Amino acid sequence: MAGSRVADALERDLDVMWSRVSAKAWPPPEAAEQAAYAAGDHALAAVVDWSAAERHPHVRGRLEEATAALGEEPADLSMAPGGLLRYGWATAYLARRGVVPAAPLLDEIDEAVLDVATRYGASLGSDDLVDMGTYLRERLPAPTAARALDVVLEGIERAAIPLGRGLGWPSLRNPLADEAGADPGATVLDAGLAHGFPRVTALLVGLCDEGIPVDALLHSSTTGMSDLAATGAPAPFYQDRGRGPEPIRPARIADGWCHGALGFGLTLLRGSRALGREDDAERAIELLRGWVSAAREPEDDPFASIGLCHGAAGRAQILARVAALCDDRCFASEAQRWRRVLADRLAAGRRDRDGGSFYQGIPGAALALATAAGADPSWDRLLLLS
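Residue numbers for the sequence shown, in the numbering used here: 1 to 386.
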């Protein structure tokens, strides 16, 4: 567990998500697929049980509840809370590590991904395609999953647009970019790891780790990121009106996993190292050092939260991954600092608006602290951090 200083706080709050989805009090009544939402969260709850909460006997029960919930309402093929891919990823992740047997339903999800990717391809957009690839990575070497992954990678390649000397991927319109003055006719690129084009590079690095030959596409995506980084600290969004990418910096946006230099820098570092491009790796490290030197003190950060998305947990996890890659004491110290911030906030009773959310609340915070205490950190594959 995370340590006695915060163990009581975590134990008190970790069941928020599970009790809430069991009662189907969330999502709000206007969301039609409440059972599917419950299925996704029950499955992620099982990952938290195994990785962070030391409640392994609960894992099978959580997954049984998740599977039963899927039979009540349809679910989308996405990583959204009501998505089959969220359920599938968590179940496949645990099965791959021998925690539970592989559920027969995973074969059906593999077939569904293959069918959807084949029929819609690049029209899905890079965000959906990366979600599919993230799930399929956990399913390898299952034959249908391998075939589906080939189709997904073809879709990703077709969806690419030029970015510098490399490639990037356009994003869906984001209200924050529009509020900051994005031209309605411009192509918008999201530079974050939540929904942006760095997700493609992060997925490709993970697939390289699995022995999948994606070096050419990884070279192009990493080059696009490196060329953008050469223009300065990455903005949350860019627009291209035919004159190359122009930065868009909304005033009210967090800096963490979802947007900003941390997730961008780690992804560029991972891509560069996978390709043996040390000049680009150094560029990424300098970008990350700049973030550390410019970061606000936690108590002065108006966006600070406890969660993985843009809070102390996500910042700590990213910085720990950076430290492991470049053996730099600066990053290790900064990761430890954000872990202390997270522990202090939890022990003091700090709760965010969506305290039961995996990405913004207690469950993700528990995983980040458990990792600091020696738990398996590979759960962050879901966040495309490893």
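Check before you lean on any hint, since a few could be wrong.
[Unchecked claim] Restraint ranges, calculated between C-beta atoms of paired labels, are given here:
1) Gly244 to Ala68: 48 to 54 Å
2) Gly61 to Pro141: 25 to 31 Å
3) Ala68 to Arg340: 36 to 42 Å
What the hints contain is simulated information worked out from the structure, not anything from laboratory work.
These numbers were taken from a predicted model, which means no experiment stands behind them.
Ideal Cβ placement from N, Cα and C applies to all residues, glycine included.
Hints and how they fare:
1. Gly244 to Ala68: 48 to 54 Å: 52 Å, holds
2. Gly61 to Pro141: 25 to 31 Å: Given about 29 Å between the Cβ atoms, the range holds.
3. Ala68 to Arg340: 36 to 42 Å: 40 Å, holds
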